[in-house]
Amino acid sequence: MQAEESQVALWHILEDFDTRLQYIHSCGIVKPQTCRKCEHSMQLAQSKSLSYVNTYSDGILLKSPYDNIGTSVINIIKLLWSHWNRRKYSEVMQQQSNQKDIQCREKSFTDIIKATRNRILEIQDSQITQIGGEGRIVEIDETFMNRRKFNVGRMPKNSIGEVQEVQESQNTEEYWIFGGVQRRKEGEDTDQPLKGFYVMVKKRNRKTLEAEILKHILPKSTIYSDKWSAYNHIIAMKNHQGIWCRYNHFTVNHSKNFLNPVLKSIHTQNIERRWGDLKQNCKRRGYRTGGYNSSIKQRVAEYEFKCNNGVLKVCDLIKKIVK
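Numbers 1 to 323, taken from full-length UniProt numbering, label the letters of the sequence shown in order.
Honestly, the hints are just simulated from the structure, not real lab data.
Computed list of lysine-lysine pairs in DSS-like fashion (alpha-carbon distance at most 30 Å, straight line):
id	residue 1	residue 2
1	Lys203	Lys238
2	Lys107	Lys88
3	Lys313	Lys279
4	Lys320	Lys107
5	Lys63	Lys323
6	Lys320	Lys31
7	Lys313	Lys88
8	Lys256	Lys220
9	Lys297	Lys202
10	Lys114	Lys319
11	Lys279	Lys88
12	Lys215	Lys320
13	Lys114	Lys202
14	Lys227	Lys207
15	Lys319	Lys215
16	Lys313	Lys63
17	Lys63	Lys37
18	Lys215	Lys185
19	Lys227	Lys215
20	Lys256	Lys185
Please build the complete structure, drawing on both the sequences and the hints.
See the structure below:
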């Protein structure tokens, strides 16, 4: 997902004194402070001798998760924009304008990314994503993250089009990503994102997948899946309270067809496309070799957050993740 504002537009806002203060205030990233002398609330302002937006040692307090990042408020906003738009630190610093405007080490960039992902993981863990409902269609599927599922699918290619050879550790702990995507209704706003959920599971057996379906998909939903045996009994399942939850369930046999030969609308192409996008997001560091408790968990949570929130300005992103 791309941020709504362009880099040029955001940089222009942060260059001007008045718009810079207004933008920082609207983000809510600075903690409100009280004057020790008069005990009144302090207002954001720019010092004549030392600009608070160019230093982090002048007593400015930032809200969590950015309270311990060793760089300026402006740098945090700019680097967040870069990360949200899938820019690497090397790409950010290549442009002359960025070299002049962003004065920080690579560690600050990685600290911001880590803090953002950890906060998003906290949000995702505390707010269970539920999709579907009566009259709604949900596609479900699983993907194996350590290698291609059943050794079927497209292999990643390098910059000159050659297939990359991926070295896999024999000691790698295997895990799956189980997920679902809610389809749009006919005539629904196409600008709205396809909401979904993505969870890490060590097994894709019946007990594990049924528990995740009950947790994330509302009863009376219509579910499309492949013919994996763990899905054979999802028409009616008991939740943890002992209440029966019923679903409409249709399948497509992926060993023979990508679409149901009788009803072409029955397929799992939307969730399948998400797997490719998710793996590209995780590709930079160890999604093929990372264990269950590695950074892949934060990356999956971040991907779900991006997909479900759609296009966001960095200002709105900060509002959602700061405490």
